[in-house]
Amino acid sequence: MSKDVVIVAAARTAVGSFGGTLADVPAHKLGAAVVKDLLKRTGLKNDQIDEVILGQVLTAGSGQNPARQTVIEAGLSQETPAMTINKVCGSGLKAVHLAFQAVACGDAEIVIAGGQENMSASPHVLPASRKGKMMGDWAMTDTMIKDGLWCAFNDCHMGITAENIADKYGFNRDEQDAFAAESQRRTEAAQNAGHFDAEIVPVEIPQRKGEPIVFAKDEFPRAGTTAEKLGGLRPAFKKDGTVTAGNASGINDGAAAVVVMSAAKAAELGLKPLVRIVSFSSAGVDPAIMGTGPIPATQKCLEKAGWKVADL
Numbered sequence: 001m002s003k004d005v006v007i008v009a010a011a012r013t014a015v016g017s018f019g020g021t022l023a024d025v026p027a028h029k030l031g032a033a034v035v036k037d038l039l040k041r042t043g044l045k046n047d048q049i050d051e052v053i054l055g056q057v058l059t060a061g062s063g064q065n066p067a068r069q070t071v072i073e074a075g076l077s078q079e080t081p082a083m084t085i086n087k088v089c090g091s092g093l094k095a096v097h098l099a100f101q102a103v104a105c106g107d108a109e110i111v112i113a114g115g116q117e118n119m120s121a122s123p124h125v126l127p128a129s130r131k132g133k134m135m136g137d138w139a140m141t142d143t144m145i146k147d148g149l150w151c152a153f154n155d156c157h158m159g160i161t162a163e164n165i166a167d168k169y170g171f172n173r174d175e176q177d178a179f180a181a182e183s184q185r186r187t188e189a190a191q192n193a194g195h196f197d198a199e200i201v202p203v204e205i206p207q208r209k210g211e212p213i214v215f216a217k218d219e220f221p222r223a224g225t226t227a228e229k230l231g232g233l234r235p236a237f238k239k240d241g242t243v244t245a246g247n248a249s250g251i252n253d254g255a256a257a258v259v260v261m262s263a264a265k266a267a268e269l270g271l272k273p274l275v276r277i278v279s280f281s282s283a284g285v286d287p288a289i290m291g292t293g294p295i296p297a298t299q300k301c302l303e304k305a306g307w308k309v310a311d312l
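Going by our numbering, the first residue of the sequence shown is number 1, and it counts up by one from there.
Keep in mind the hints are simulated off the structure, nothing from the lab. Predicted, not measured: the structure shown is a model, and the values here were computed from it. By construction, the Cβ of each residue, glycine as well, lies at the ideal position given by its N, Cα and C atoms. Nothing false has been slipped in among the hints.
Label-pair ranges, simulated between beta-carbon atoms:
| # | residue 1 | residue 2 | range |
| --- | --- | --- | --- |
| 1 | K300 | P127 | 34 to 40 angstroms |
| 2 | D167 | I145 | 20 to 26 angstroms |
| 3 | Q299 | E228 | 32 to 38 angstroms |
| 4 | V88 | K300 | 17 to 23 angstroms |
| 5 | G20 | D47 | 33 to 39 angstroms |
| 6 | K304 | A189 | 33 to 39 angstroms |
| 7 | A190 | S77 | 33 to 39 angstroms |
| 8 | S77 | V285 | 39 to 45 angstroms |
| 9 | G20 | Q78 | 32 to 38 angstroms |
| 10 | R41 | R234 | 43 to 49 angstroms |
Restricting the straight-line Cα-Cα distance to at most 27 angstroms, the calculated cross-link-like pairs of lysine-lysine (DSSO-like) are:
| # | residue 1 | residue 2 |
| --- | --- | --- |
| 11 | K217 | K29 |
| 12 | K87 | K36 |
| 13 | K29 | K209 |
| 14 | K146 | K239 |
Build the full structure now, drawing on both the sequences and the hints.
Here is the structure:
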């Protein structure tokens, strides 16, 4: 485990809004667009990738091992194995963890890792449909909610866990709206300045008539968002709550990935590292406040690196 492990390239699609431009593009095709682009950026051949590891939470109806579908769609060698990871919000990061471990242990030389998701395409299903139902109503289940946004332990929406955190730490509505508005402002400024352009992989979307649409700009950010405008929204998850559709995290479609290899391999191939991975960590917390997980994970990560917060 003494090898220095680096990331030599990173790319992503633009982020699509729920039901937006990417709604009908399967997740594996979004991932494939990114993988193809990473090969172009690095000059790597399609048979030089030892493994592809991708996070994808919403896989109902997506077919076997979506990451493997991505490999084939991207034109990588059929001999390239792939693994799909489900760690909910941490799926893509866990994929990078596993890529690091594979390279550091000498199990692989070059790994592509990241995540892909099409929340818009997640299906509704009919539970117990194999046996049928003799009487009464028969409701469908939204797999996006059930598999991606619902706490299996406390039987509540992820939005309620956000409300629990707001209550526990005293984050009021005004603070949340101000934070969200500033995030929107920074995103708009970065977008207008072209800071995202180099990392975005254009996705071509065929149309029934005419030329394909080329999707290359994040459509989720809302220009002109202010705390005052956000303040007019109703709570989304409980009557007296503070979490709204405007200050909560969004429901989106897209894909992103990085190329991981040893520093020695990067030097051999003449590739300049973007970053060196110093440490990583995971941590579990009370599911009722699942959003606090990054706190102990960050603390463990800093400890492993021998760093302090002030060093960042």
